[in-house]
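Got chain A sorted already, so can you dock chain B with the ligand onto it with the hints?
From first to last, the protein sequence lines are chains A and B.
For the first sequence, the positions run 1 to 500 when the numbering used here is used.
For the second sequence, the positions run 1 to 525 when the numbering used here is used.
A few of these clues could be false.
Label-pair ranges, simulated between beta-carbon atoms [unchecked claim]:
id, chain 1, residue 1, chain 2, residue 2, range
1, A, R88, B, G172, 35 to 45 Å
2, A, R64, B, G172, 28 to 38 Å
3, A, D339, B, T144, 52 to 62 Å
4, A, D423, B, P327, 48 to 58 Å
5, A, D423, B, H137, 56 to 66 Å
Beyond 12 Å from chain A on every Cβ pair, some chain B residues (computed) [said to hold, decoys possible]:
id, residue
6, S80
7, K121
8, A492
If you're looking for bench data, these hints aren't it; they were derived computationally from the structure.
Backbone N, C-alpha and C define an ideal beta-carbon position, used for all residues, glycine too.
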Amino acid sequence: MLSGDLIRLTAAELGAAIRDGETSAVEATQSYLDRVAAVDGDIHAFLHVDADAALEQARAVDARRAEGAELGPLAGVPIAHKDVFTTRDMPTTAASRILEGWRPPYDATVTERLRAAGLVILGKTNMDEFAMGSSTENSAFGPTANPWDVSRIPGGSSGGSSAAVAAFEAPLATGTDTGGSIRQPAAVCGLVGAKPTYGGSSRYGLIAFASSLDTPGPFARNVLDAALLHEAFSGHDPRDSTSIDAPVPPVVEAARRGDVDGLRVGIVREFAGEGYQTGVLQRFTEAVEVLESLGAKVVEVSCPSFRSALAAYYLIAPSECSSNLARFDAMRYGLRSGDDGTRSAEEVMALTRAEGFGPEVKRRIILGTYALSSGYYDAYYGSAQQVRTLIKRDFDAAFEHVDVLVSPTTPTTAFPLGERVDDPMAMYLADLCTIPANLAGNAALSVPCGLAPEDGLPVGLQIMAPVLADDRTYRVGAALETALRDRWGGDLLARSPYAV
Amino acid sequence: METETGSAAMGSAVTSGPATGGGSVLVDYDDALARYEPVLGLETHVELGTRSKMFCSCATAFGAEPNTQVCPVCLALPGSLPVVNGTAVESAVRLGLALNCSIASWCRFARKNYFYPDMPKNYQISQYDEPLCTNGHLDVTVDTPEGPREFRIEIERVHMEEDTGKTSHVGGATGRIHGAEYSIVDYNRAGIPLLEIVTKPIEHTGDLAPLVARAYVSELRDLVRALGISDVRMEEGSLRCDVNVSLMPRGGTEWGIRSETKNVNSLRSVERAVRYEIQRHAGVLDAGGRVVQETRHFQEHSGSTVSGRSKEEAQDYRYFPDPDLVPVAPSAEWVEELRAALPELPAAKRRRVKAEWGLSDEELRDLVNADAIDLVAATVEAGAPSGDARKWWLNELSRRATENEVELAALPITPAQVARVIALVAEGALTNKLARQVVEGVLAGEGDPDQVVEARGLAVVSDDSALGTAVDEAIAANPDVAEKIRGGKVAAAGALVGAVMKATRGQADAGRARQLILERLGAGG
Ligand SMILES: [Zn+2]
Numbered sequence: 001m002l003s004g005d006l007i008r009l010t011a012a013e014l015g016a017a018i019r020d021g022e023t024s025a026v027e028a029t030q031s032y033l034d035r036v037a038a039v040d041g042d043i044h045a046f047l048h049v050d051a052d053a054a055l056e057q058a059r060a061v062d063a064r065r066a067e068g069a070e071l072g073p074l075a076g077v078p079i080a081h082k083d084v085f086t087t088r089d090m091p092t093t094a095a096s097r098i099l100e101g102w103r104p105p106y107d108a109t110v111t112e113r114l115r116a117a118g119l120v121i122l123g124k125t126n127m128d129e130f131a132m133g134s135s136t137e138n139s140a141f142g143p144t145a146n147p148w149d150v151s152r153i154p155g156g157s158s159g160g161s162s163a164a165v166a167a168f169e170a171p172l173a174t175g176t177d178t179g180g181s182i183r184q185p186a187a188v189c190g191l192v193g194a195k196p197t198y199g200g201s202s203r204y205g206l207i208a209f210a211s212s213l214d215t216p217g218p219f220a221r222n223v224l225d226a227a228l229l230h231e232a233f234s235g236h237d238p239r240d241s242t243s244i245d246a247p248v249p250p251v252v253e254a255a256r257r258g259d260v261d262g263l264r265v266g267i268v269r270e271f272a273g274e275g276y277q278t279g280v281l282q283r284f285t286e287a288v289e290v291l292e293s294l295g296a297k298v299v300e301v302s303c304p305s306f307r308s309a310l311a312a313y314y315l316i317a318p319s320e321c322s323s324n325l326a327r328f329d330a331m332r333y334g335l336r337s338g339d340d341g342t343r344s345a346e347e348v349m350a351l352t353r354a355e356g357f358g359p360e361v362k363r364r365i366i367l368g369t370y371a372l373s374s375g376y377y378d379a380y381y382g383s384a385q386q387v388r389t390l391i392k393r394d395f396d397a398a399f400e401h402v403d404v405l406v407s408p409t410t411p412t413t414a415f416p417l418g419e420r421v422d423d424p425m426a427m428y429l430a431d432l433c434t435i436p437a438n439l440a441g442n443a444a445l446s447v448p449c450g451l452a453p454e455d456g457l458p459v460g461l462q463i464m465a466p467v468l469a470d471d472r473t474y475r476v477g478a479a480l481e482t483a484l485r486d487r488w489g490g491d492l493l494a495r496s497p498y499a500v
Numbered sequence: 001m002e003t004e005t006g007s008a009a010m011g012s013a014v015t016s017g018p019a020t021g022g023g024s025v026l027v028d029y030d031d032a033l034a035r036y037e038p039v040l041g042l043e044t045h046v047e048l049g050t051r052s053k054m055f056c057s058c059a060t061a062f063g064a065e066p067n068t069q070v071c072p073v074c075l076a077l078p079g080s081l082p083v084v085n086g087t088a089v090e091s092a093v094r095l096g097l098a099l100n101c102s103i104a105s106w107c108r109f110a111r112k113n114y115f116y117p118d119m120p121k122n123y124q125i126s127q128y129d130e131p132l133c134t135n136g137h138l139d140v141t142v143d144t145p146e147g148p149r150e151f152r153i154e155i156e157r158v159h160m161e162e163d164t165g166k167t168s169h170v171g172g173a174t175g176r177i178h179g180a181e182y183s184i185v186d187y188n189r190a191g192i193p194l195l196e197i198v199t200k201p202i203e204h205t206g207d208l209a210p211l212v213a214r215a216y217v218s219e220l221r222d223l224v225r226a227l228g229i230s231d232v233r234m235e236e237g238s239l240r241c242d243v244n245v246s247l248m249p250r251g252g253t254e255w256g257i258r259s260e261t262k263n264v265n266s267l268r269s270v271e272r273a274v275r276y277e278i279q280r281h282a283g284v285l286d287a288g289g290r291v292v293q294e295t296r297h298f299q300e301h302s303g304s305t306v307s308g309r310s311k312e313e314a315q316d317y318r319y320f321p322d323p324d325l326v327p328v329a330p331s332a333e334w335v336e337e338l339r340a341a342l343p344e345l346p347a348a349k350r351r352r353v354k355a356e357w358g359l360s361d362e363e364l365r366d367l368v369n370a371d372a373i374d375l376v377a378a379t380v381e382a383g384a385p386s387g388d389a390r391k392w393w394l395n396e397l398s399r400r401a402t403e404n405e406v407e408l409a410a411l412p413i414t415p416a417q418v419a420r421v422i423a424l425v426a427e428g429a430l431t432n433k434l435a436r437q438v439v440e441g442v443l444a445g446e447g448d449p450d451q452v453v454e455a456r457g458l459a460v461v462s463d464d465s466a467l468g469t470a471v472d473e474a475i476a477a478n479p480d481v482a483e484k485i486r487g488g489k490v491a492a493a494g495a496l497v498g499a500v501m502k503a504t505r506g507q508a509d510a511g512r513a514r515q516l517i518l519e520r521l522g523a524g525g
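Isolated chain A (complex conformation) (with noise of 0.2 Å):
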């Protein structure tokens, strides 16, 4: 088969051709090694390409065939690995300066898992450091571009996941989505991006964030892919206390059906009007529309505490980062500053804390010290926690009266890179409608749902179901799916520059 061919090919069918022996993993592997090599250097996907081990990787999955093993389906379709879980061959630094180089000696879970099922890493990629930001700006090692338009974001914190498997450098990735970091990339790159029930993937060897809320998830070009990917690295794991021990929701046999006839969907009223780009909400509209020709029953629903769900975001947050990043101390691993041998272990602890963190991540350390400190605490961190409950109870509320929640998944499409780096604010909105399912612990997807005519650029729709009732996204995004397929020709991403 031809690499143009392999890399069109979509990872389900890709892991078919490899069991079919129509190709063989070391084959699809150089196929996109060579893709990346060819436009990496335009869009920054990647922080490490390690195409020794990945073909190493690949040969193992040929071998085993050739031995007459069962082949799971997506053995021998290269991935490529956001940089915030551990990989014991290869350097993990959740894009800091204060990791730089460092090789971690174990693997996380989601490596593990994605190694089992066959998965090639082909390498590591960019994101924003210690995934905080929606735009990869962030990245102590220089911004990801967006394949669509190399002049703008490719969402954040997951921008290398979403830009390598929007460019065809990969068919698959990993993300992670702390308050919207896999579904905003997903959406402004005009792909597929699921952010699990919270406990439903294992954050065991993720560099954590916000630790009740990080989520790793799949990012794909279709809903089938992504629901491969999704139950490939999903379920529980004893290793980490907050996994779900529960079977992984049949999110495979939901993207397959992709049906909605008599599905109850509900559009939350609060994510409209004001900040919201005409042409998103235009192509969301569209969309419901769509859905609703399908058989299924629209209605519009309240979720009053979701508009507290941002501000209690950026306070539990930053209160949790601030905790979790004070590890990075100089002391064991990673980057040292000042020792001279004259200075104390305090004053090296604090001189590479300076220099390690960048200045988002700083600002989000100070933001939760200060949150938590004795005296502001109930104000700050007791009352977020306040408004999480609420919201969980907005969505238990909601969900006796529908089946799904959707939403534009973001406010606006891909806004320019630099345009927002000088005003925090303006950042932090891109999550304004991905936050709420993070703080209830929900399951969520986006799907795309067309170009916004204004600029051209994909416009993703956001379908939010309840605990560990992920098939339920996945049902309805692929209903969509192959619904806009048909409208559109094809695929949505063959109208990307970047398009095979």
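What follows is chain B with the ligand alone, placed relative to chain A:
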């Protein structure tokens, strides 16, 4: 808890907290008590004897090569996560029950945030406003010239937390941080499960305060040992005490400002620290001063305390519930199962042995003071009569422990070995004098009593032929004495027995030798 304050040095220019210790004016103890009433508070940390650490599966053995019992979790490598050790929770519940506490049906771990190089995460996982066990009590007995007096110590809380690593300061004269060239950290201890037991303020103890404090720690230690949740080796730091002391003028109602003396590591030190702080506080108050609320360090060599960090520079620990862990929710059934399975506790055991062994109050007190009840009981269980067992532990072995400055239980001899020595004496295979030599051999690491007897050739010479030869020789060598005995002066036999003992290097059975001498000389007996 912190194990040390001040800054750890990486280089040679080290800064450290104030270390002013000298200059304290001490008031005579009785004078101080005449004017002031002490109020105590004790916070005790017990290192649990679980096989693995609190939040990872690393081993906990004491004394391993530095940094060999570590993993991504207890080194706080990026991405690692804690998982609670169920055995540690069980130990905490059992101690809570033994201390008559209420057990929370739901509680959480909290993060205590502060930077210190021996704490890998730069926060300690502990419990804050939701402790596992609350509102208990422990009764302790203190001996007074008027007889034993009982005090009820109210327990505020028992909670779970993890230990820190251990920092050593290299270079410099004192081994302390001040003046050190550099510091090294051993993370083997990081993450070892700890229970912290906090008392409510202890009032109305008067001049018995130091003894009450000591009795409490001693009783707590025995309780922990009886539960089998820790071997409590105080010299290895597996039980550490923070001692809070404040004084209130006699007849007053308002408590004074307290000092907190950290890491007091032996029963004797607990007593001394309380006594010293009472005298020091009284000195400050008598001079019209204000006691500084501060952390102090106990100086083992001088029995005094020196100032550490004052509360003015105290840190804000920014406690919040640890989002990496799920709540601990012991079911009522499980708690009741644990309660039903509690072993005999020290107080009950004291009552039982007193009755079973027929002890007087004084005899029991001696056993308690020598910390020997469990050792004697185990020796009795190994077959020895209680009287002999008590005699060995309270006399010979206590003396040896004192000589070597170790606790009785830390002597390298087991109750079973003591029981064997007692049996050998009873069989007549050893004299008491030889038995002491056997014990000496066991303590010196020469093996079991039988091995020591064999190796040192200590068996009693009661074999009549060997003894008979020695007797004949003694008679032949002392004809005058022999004549006197033949003449009826039986008392003179002592001299010949002495000669026999000398000839056999003390290994003869003296009674048998005397019998043979009298037989040979026709003097009956
Ligand atoms: Zn460990």
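Now the hints, each set against the structure:
1. A:R88 / B:G172: 35 to 45 Å: Given about 40 Å between the Cβ atoms, the range holds.
2. A:R64 / B:G172: 28 to 38 Å: 59 Å, violated
3. A:D339 / B:T144: 52 to 62 Å: 58 Å, holds
4. A:D423 / B:P327: 48 to 58 Å: At 39 Å between Cβs, range violated.
5. A:D423 / B:H137: 56 to 66 Å: 60 Å, holds
6. S80: Since the minimum Cβ distance to chain A is about 7 Å, S80 of chain B lies within 12 Å and the statement is violated.
7. K121: 5 Å, violated
8. A492: 80 Å, holds
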